[in-house]
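Enquirer: Read off the chains here:
There are 2 protein chains.
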Amino acid sequence: MTEGNVIDAFGTSEIRDYDKLFREFGVEDFTKLDAPDPLTTMRRGIVFGHRDLKPVLKAMKKGEKFAVMSGIKPSNYFHIGSKMVVDEIVYFQNHGGLVYYTFADVETLADNGLSFKESREYARDNLLDLAALGLDLDKAKIYLQSEEPTVLKQAHVYARNVTNNMLEAIYGEHPVRIYMAVLVQVADILLPQLEHGPMPVVVPVGFDQDPHIRLTRDIARKHKLMPPASTYHKFICSLLGVERKMSKREPQGVIYLNEDPKKARKKIMKYAYSGGKPTVEEHREKGGDPSVDVSYQYLTYLMSDDEKLKKIRRDYERGDLLSGDLKKILADHVEEFLINHQKKREKAGKKVDKILA
Amino acid sequence: MTEGNVIDAFGTSEIRDYDKLFREFGVEDFTKLDAPDPLTTMRRGIVFGHRDLKPVLKAMKKGEKFAVMSGIKPSNYFHIGSKMVVDEIVYFQNHGGLVYYTFADVETLADNGLSFKESREYARDNLLDLAALGLDLDKAKIYLQSEEPTVLKQAHVYARNVTNNMLEAIYGEHPVRIYMAVLVQVADILLPQLEHGPMPVVVPVGFDQDPHIRLTRDIARKHKLMPPASTYHKFICSLLGVERKMSKREPQGVIYLNEDPKKARKKIMKYAYSGGKPTVEEHREKGGDPSVDVSYQYLTYLMSDDEKLKKIRRDYERGDLLSGDLKKILADHVEEFLINHQKKREKAGKKVDKILA
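First to last, the sequence lines map onto chains A and B.
With the working numbering applied, the first sequence has no gaps in its numbers, which climb one by one up to 413 at the end.
With the working numbering applied, the second sequence has no gaps in its numbers, which climb one by one up to 413 at the end.
Hints in this document: simulated from the structure, not taken from any laboratory.
Note that this is a predicted model, so its numbers are computed, not measured.
One or more hints might be untrue.
BS3-like mimics (lysine-lysine), calculated; alpha carbons at most 27 Å apart, straight line [said to hold, decoys possible]:
{"no.": "1", "chain 1": "B", "residue 1": "Lys400", "chain 2": "B", "residue 2": "Lys304"}
{"no.": "2", "chain 1": "B", "residue 1": "Lys173", "chain 2": "A", "residue 2": "Lys280"}
{"no.": "3", "chain 1": "B", "residue 1": "Lys384", "chain 2": "B", "residue 2": "Lys173"}
{"no.": "4", "chain 1": "B", "residue 1": "Lys121", "chain 2": "B", "residue 2": "Lys278"}
{"no.": "5", "chain 1": "B", "residue 1": "Lys173", "chain 2": "A", "residue 2": "Lys278"}
{"no.": "6", "chain 1": "B", "residue 1": "Lys278", "chain 2": "A", "residue 2": "Lys173"}
{"no.": "7", "chain 1": "A", "residue 1": "Lys333", "chain 2": "A", "residue 2": "Lys195"}
{"no.": "8", "chain 1": "B", "residue 1": "Lys333", "chain 2": "B", "residue 2": "Lys384"}
{"no.": "9", "chain 1": "B", "residue 1": "Lys400", "chain 2": "A", "residue 2": "Lys173"}
{"no.": "10", "chain 1": "B", "residue 1": "Lys301", "chain 2": "B", "residue 2": "Lys318"}
{"no.": "11", "chain 1": "B", "residue 1": "Lys406", "chain 2": "B", "residue 2": "Lys195"}
{"no.": "12", "chain 1": "A", "residue 1": "Lys110", "chain 2": "A", "residue 2": "Lys76"}
Here's a subset of chain A near chain B, in silico, CB distances under 10 Å, partners left out [said to hold, decoys possible]:
{"no.": "13", "residue": "Phe172"}
{"no.": "14", "residue": "Lys209"}
{"no.": "15", "residue": "Ile234"}
{"no.": "16", "residue": "Met325"}
Beta carbons: idealized from backbone N, C-alpha and C, even for Gly.
Working from the sequences, and respecting the hints, build out all of it.
Expert: Structural data, given as structure tokens:
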């Protein structure tokens, strides 16, 4: 493991030094912005960075037209980390933004080999989560890449604006199909402005997706569109440890939004990596370490009550709260959340049928 | 100039040795086939080769389903050489084939930088010629690549079947946008079978387009479709000489199907390269050389009456016909053809409006 940051849109990204990220890539500190009614994740630096977000916030405050564009590769079910991005999209929608959301099935095919049919099944499930998390589907443009002729077509237009050298410099060497998917994604990000004319657009992403943003900003300028803004959030870690990424290759470390709440509870109680001390006695005396305790970390994402979270932290550091107690707090929180969430998913069923028939 | 054949789908192709072409590429002699009611160009070896045409002819004779798939880059007006391919398409349509015809505007954008809008204007004009040359537009599927979601989408599916090495081996090194256009073209060629199920499909092409056929045949097999068949025709030369290709960079050497018949007549009289001798006396004595006389060559494409053509050749070789006489025969023929053709173009106007609104 190196000390540096590895940014790869089609591989493994490791971000170990956020300050270096700011210095190297021109990303700015999100917390220095004056975002109205910020989300928990914004207040706590989980949404840590942005590029060019000021025009978006300005439009938002003035009630002018702006859009939020986002999407996902429909190759898996949503997990508890997926919620973060959706919360951001809902945030911008609630503040007046037009929503564009793409299921990147062209990329899933190119990168993962999933057929359009397989992708559609995941997309349907993801859509239930989007609705349950508060996205107003009726006021959003939601589509599969393979079903949206405009992005498929525009990909060829934007292909005129890149050279093979540029693509290799930004993404490394890849099969042509990957570059094709990249250009479809550029078309996704520019679609709101293609349909509504130039306006500020924000794209909430994990930092590993920043190459797409940089490329699209460059191409936008060539087409007299506004370079899209972006926000960057930290990735949620695996239940198995703060250094591990949530991945379906380690299912015991993932909490899916469609999984049985009781199973999720058991998973947390059994697997959540603890920041506690080896014995109860030592823990009572020296206290736990919240920075490596996964239960605590999850609560920073999920528990919006600042005072409550602060008390939990203090009690844990003091040794008043044991790791088992902390796990139980998280397990209660997640179980309750999943029960409510899944009720909302059920209600959303019919709407989803309309959008992805 | 080399002795060999240069086959480049995106550059300059020079075919100097047709026998070598047969030996190297597995192309077979068209004249050895038993095609019913062959066209003038088929009888005279202008349509000189084919790959795998027998299943098409078999389907044709048995009245079974088959298709002819063709198209053009809509980057120019049709000229007298364009007529040849259209004649072939009409031939297969008249013998029961489903017709698919694509205006490859994605390729025009990638290769020539023409916008979709510019391409559409040329496509409209080309469509008038297609109708005037006898294609039944009502029974054909005619489309612009950029307007046909299925081919744009399938290009990404077929991209899974190629590696960068394959593409470079077949086409040489090109910008990604060119490979993208190649994959759209593969989708064009496979579209009839995607829509109608596996069946014989023939693609009439110039030999420079053979790389597309080879690639598509390979991909077809992977998708359990029939590898498309092809026919190959010789290119018509420039008016300025048999060794020169008709090109809009030398407009005095091109006869467009939409140009003023009187201007075409003058062009022929002024520029047609002659196979005659320097002086009338020498010509009367030694005779002319039809193999380099452009007027004679054009007549082999355009004059269907074998006996009449044979007599012209004999008289020219004997010196009874002068180069000026030969030019006049061609000029008369072309002028009359263009007058009739352009009447038919006018009639086709409304149908074209319906197809490319």
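Enquirer: Now tell me if each hint is right for this structure.
Expert: Against the structure, the hints come out as follows:
This hinted pair checks out: Lys400 of chain B and Lys304 of chain B have alpha carbons roughly 24 Å apart, not beyond 27 Å. With a CA separation close to 18 Å, the supplied pair Lys173 of chain B and Lys280 of chain A stays within the 27 Å bound. Of the pairs offered as hints, the one joining Lys384 of chain B and Lys173 of chain B is violated, with about 40 Å between alpha carbons and a cut-off of 27 Å exceeded. For a cut-off of 27 Å, the pair hint linking Lys121 of chain B to Lys278 of chain B stands: about 22 Å separates their Cα positions.
Proximity of Lys173 of chain B to Lys278 of chain A is assessed by CA-CA distance (about 18 Å); at most 27 Å being required, the pair is judged to hold. Under the criterion of a C-alpha separation no larger than 27 Å, the hint pairing Lys278 of chain B with Lys173 of chain A is consistent with the structure, at around 18 Å. For the suggested pair Lys333 of chain A and Lys195 of chain A, the alpha carbons sit about 50 Å apart, so the restraint of at most 27 Å is broken. For the given pair, Lys333 of chain B sits about 17 Å from Lys384 of chain B by alpha-carbon distance, which is consistent with the 27 Å threshold.
For the given pair, Lys400 of chain B sits about 46 Å from Lys173 of chain A by alpha-carbon distance, which is inconsistent with the 27 Å threshold. Between the alpha carbons of Lys301 of chain B and Lys318 of chain B the distance comes to roughly 23 Å, so the proposed pair stays at or under 27 Å and holds. Proximity of Lys406 of chain B to Lys195 of chain B is assessed by CA-CA distance (about 16 Å); at most 27 Å being required, the pair is judged to hold. Distance check on the hinted pair: Lys110 of chain A and Lys76 of chain A sit about 22 Å apart at the alpha-carbon level, within 27 Å; holds.
Look at Phe172 of chain A: its Cβ gets to within about 8 Å of chain B, closer than 10 Å, so that hint holds up. Satisfaction of the interface hint for Lys209 of chain A is found here, the shortest Cβ-Cβ separation to chain B being roughly 5 Å, below the 10 Å cut-off. Residue-level restraint check for Ile234 of chain A holds (minimum Cβ-Cβ distance to chain B is 9 Å; threshold 10 Å). Taken as an interface hint, Met325 of chain A does not check out: its beta carbon lies about 43 Å from the nearest beta carbon of chain B, beyond 10 Å.
In terms of the numbered hints stated before, the structure departs from hints 3, 7, 9 and 16, listed from lowest to highest.
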